[in-house]
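Peer 1: If you're matching them up, the sequences are chains A and B in order.
As numbered in my numbering, residues 149 to 332 make up the first sequence, in order.
As numbered in my numbering, residues 355 to 490 make up the second sequence, in order.
Worth flagging that the hints you see were computed from the coordinates, not collected in a lab.
Careful, some of the hints might be misleading.
[Said to hold, decoys possible] Below are the EDC-like pairs computed for lysine to aspartate or glutamate, each with C-alpha atoms no more than 20 Å apart in a straight line:
1. B:Lys357 - B:Glu382
2. B:Lys449 - A:Glu328
3. B:Lys449 - A:Asp189
[Said to hold, decoys possible] Incomplete in silico selection of chain A near chain B, CB under 7 Å:
4. Lys244
5. Asp250
6. Val295
Note that beta-carbon positions come from the ideal geometry of N, C-alpha and C, so glycine has one too.
Single-letter residue listing:
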Amino acid sequence: MNSRSEELPGAARQSPDALSSALAIARGLHQFLNLGVAQLDAALRESDAQVDKIAQCLAALSSDVQQLESRVQSEPGAKCADLATSLRDSLQSAIKALQFYDKLIQRLTHVRAGLAIPADATTDPAAPATIDWNSILDQVRGRYSMVEERVLFDFMMRGLRAEQMLRALQSLRDASAPGELELF
Amino acid sequence: MSKRILAVDDSASIRHLVGVTLRAAGYEVAEAADGQEALEYAREHSVDLVLADVNMPRMDGITLVAQLRSLPNYRLTPLLLLTTESSSQSKQQGKQAGATGWIVKPFHPEQLLATLERVLSGSARSASAPAAARGR
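This is chain B alone, in the form it adopts within the complex:
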């Protein structure tokens, strides 16, 4: 079964470009226009990875990450931030909220796919590891 990625960005063009890239590689892609919409989607559906922008109306990406991490189903889910923002201060905020990683736009499709594959394979290993080992 293909992995489901939730692409979150208030820019329709970016959602479209991410969607085209990921669908062509066989991923199932769900889209949300802001953090609030993404959170509502994530509560009702299972998502394997979230790829979110930072600056969005209603709920920003860093708040979305923090909210998702508080949900039991998303404790180990890879949550990546894809943004034009590249300051170390913002990255630190993302890290503290529980993000898995940070990608600065513009993304290159091949590079993005390699990143997702890498993060998803790491996530699968974490999920299958014994709880005691994960806690270490």
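Next comes chain A alone, as it looks inside the complex:
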């Protein structure tokens, strides 16, 4: 533990300035921890939904392959265009759903930064006595690569609860159109 954190348990014996500084650090870190919780909740929910889709695709693929084998065995010249279409649709849905992993890795990388940047700033003995929280907030926000991450971050700064943030994110997701080309 760093010297600043060690001040907290005995804060009552510290000067008012030291106590005020320790409380400011605790409040700042608390905000970042809340953000991390909300980000992880959002990532878990979305990833879980995509994995569920992948499982459904695999089940559909398995069923179609069984039907295909059965049809070919019972009727060697049978046309299988309908099954081929169904197999292709399941494969394409699985390819789309599997991209959740790339998004999940990005999100977790940003959650890590959101915890490491304030942690480093508050444990550095060479850091100024008054921590520049605005600069830390800018550094963390600057790492984000997705609009929904920035929305979540901005909602957190307005003091909304995690459930309210998640509802706002869901509306944002419903309004976006991933996969569509925007030509310049």
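Given the coordinates of chain A, work out where chain B should sit on it, guided by the hints.
Peer 2: The following block gives chain B in isolation, referenced to the frame of chain A:
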């Protein structure tokens, strides 16, 4: 001869999924893990279309687009950005760098193939048009 697409993404899973989708449709696919690797590949090989992520180590996708546009062989080549980033500010940066278009992940395979076909056919028309007409 099949068209050669350069897929650029630091995520191996995305490169793999793009590769599976495009190869199944008959495209030849080259892969690069970041902008720098893509630029080196593009300097040594002919590429019909580049599909690049934005946020990558060493060289990001927007810098890659700007660098490619400065090469004579890539003045008219379709350069598409495929990314989780969807802010209008980032899109504007992509446009200014010379990108042809912007696609937000996750991509749907059929939609991606239709997009590539559309962009490649547009590119073929531009390349075959007289220089004077292109300059207008």
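Peer 1: Now look at each hint and say whether the structure bears it out.
Peer 2: Now the hints, each set against the structure:
no. : hint                : in the structure
1   : B:Lys357 - B:Glu382 : holds, 6 Å
2   : B:Lys449 - A:Glu328 : holds, 16 Å
3   : B:Lys449 - A:Asp189 : violated, 34 Å
4   : Lys244              : holds, 5 Å
5   : Asp250              : holds, 4 Å
6   : Val295              : holds, 5 Å
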